[in-house]
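Student: Use the sequences and the hints to build the structure in full.
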Amino acid sequence: MFLNKQKAFQHKEGVKDGIMPRYKFKNLMLAVMAFALLVPGVCFAKADSQESLPLSVRQILYKAYTAMNENKPGEAAALLCKFKQNPKNAKDMAEARTMVEFAEGNGRYMAKDYKGAMACFEQAVKSDPNYSAAWSNMAVLCHEMGDTLRAAQCFLQAYNTAEEKKPDLLYSAAAAFLMTEQYADSIAAFERLFTEFPQQVTNQWREYAVHAYLGSKQPRKALRLVEYLAVNTEGNEWRRWNEFLLHQYLDLEMNKKALSLVERLVDKEPGDPLWWKALANLHLSENRLEEGLMALWAYGKITPWNEEEQKLAADLFLVLDVPAEAVAILELLPEKELTASLVRQGVYCYRRMQQTGKAIALLDKHAYRLKDKELTILRADIFYESGNFCDACEAYERAAKEGCSPGRAWLMAGYSALAHGDKNKANHAFQKAMTFQSHSREAKNMLKRLS
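In case it helps, the working numbering puts the sequence shown at residues 5 to 455.
These aren't lab readings, by the way, just hints derived from the structure by calculation. Predicted, not measured: the structure shown is a model, and the values here were computed from it. Every residue gets a Cβ at the ideal spot worked out from N, C-alpha and C, and that includes glycine. Treat the hints with caution; some may be incorrect.
Said to hold, decoys possible - Below, simulated SDA-like cross-link-like pairs (lysine to any residue); rule was C-alpha separation at most 20 Å, straight line: (1) Lys375 - Ala332; (2) Lys76 - Gln63; (3) Lys119 - Lys95; (4) Lys221 - Glu195; (5) Lys305 - Asp276; (6) Lys362 - Ser345; (7) Lys369 - Gln358; (8) Lys225 - Asn240; (9) Lys67 - Glu99; (10) Lys305 - Ala332; (11) Lys305 - Glu294; (12) Lys272 - Thr237; (13) Lys272 - His287; (14) Lys429 - Ser444; (15) Lys260 - Ser289; (16) Lys427 - Asn392; (17) Lys305 - Lys260; (18) Lys170 - Glu185; (19) Lys272 - Ile306; (20) Lys116 - Thr70; (21) Lys305 - His287; (22) Lys305 - Glu267; (23) Lys260 - Phe248; (24) Lys362 - Cys394; (25) Lys427 - Glu406; (26) Lys272 - His251; (27) Lys76 - Gly120; (28) Lys95 - Ser60; (29) Lys221 - Glu185; (30) Lys76 - Asp117; (31) Lys67 - Met97.
Stated by the list, open to error - Cβ pair distances, simulated, as ranges: (32) Glu99 - Ala188: 39 to 49 Å; (33) Glu267 - Ala328: 26 to 36 Å; (34) Lys369 - Gly275: 35 to 45 Å; (35) Pro223 - Ser60: 29 to 39 Å; (36) Tyr232 - Trp301: 27 to 37 Å.
Tutor: The structure is reproduced here in structure tokens:
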């Protein structure tokens, strides 16, 4: 045989890539930086949080929030700033600085004075580190100012200091940590979400947690989430997650799970060529040639093979000793795709089917174009083996003159000439062969017999 199993499977890795090219994680999933960070929105002080404040503070806060409600945030910020700077209000400010700074920060935020708003919110949390609303507003502001890492830290602090725990803040922290590639912090936040809000977990949470695990090189921890998403999604998302799950199994060398998955996918969507090609790849990677060929054949019935797939199918038919199918595929390939190796395969197939004429015709068509020495002498060998000694002699002489194993070619030209009764030509050929050390002894012996 011209091919053995190992040679046939030089295609194996290419088939795997051709079936399902290995995606870079950020190419397969939604790009991390593309998603919109969920921000809870700017918080305003609740009325009940002001009941214990000094009267002057309550009055100025009322005026400020009234101005904000009337879309006059700059006026509100100016009122509060003036109140802070009045020495008469020093005692009340000492008692109520957090609320005043917080309110002024809201006004400046609404007026798009982000730098001023940030200074106010920072003073608010400095005055009361447990004031969750100020941390939340700082987070929103940091996000809008492009400081995503600080936004993540502020969202987390807002969640940690909140009396009523809501998942939005913790999710925003997890997502912002992910955007800044702080994978460990992102994972910690996502795991808290899953633990503290088990009934509210969404597929979006799971998807971004997958990003975080893979970003931190923990694919096995991501796997359970990918498996869930592969089952609990629909349409294009279902297909995307199952394709990604298959890649994860292959990357983690979980071949049995990969095979089980792709068999289910073939059963569920028998008309999808991707799953058949994946099935072919899995079988071929385990050297299950017949099963691999069957899957590749089914794939080819759904969508036409490309040239590389045609070559692989021909290889497999040849290895499995089905020369008629192998040569039928080779005959479909464009002439420019027929390499010397493929021509040799075709010749082998024709010879197996005892179609010597077609083997010679194939060589006549391509040997000169390919300028392959092995093909040139193979043509002579076929003539000799089929008993066509006159043509064999001529072909061997041509091979020798073209430098195709000249010692052997001259020796075989001598045998061919002798076989069809031309002793003079045989003598000439053996004389030529004798000049090559590796064939000298045999050529001398033949010359002695001729004499």
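Student: What hint numbers does the structure not satisfy?
Tutor: The structure breaks hints 1, 3, 8, 17, 18, 25 and 35; every other hint is satisfied.
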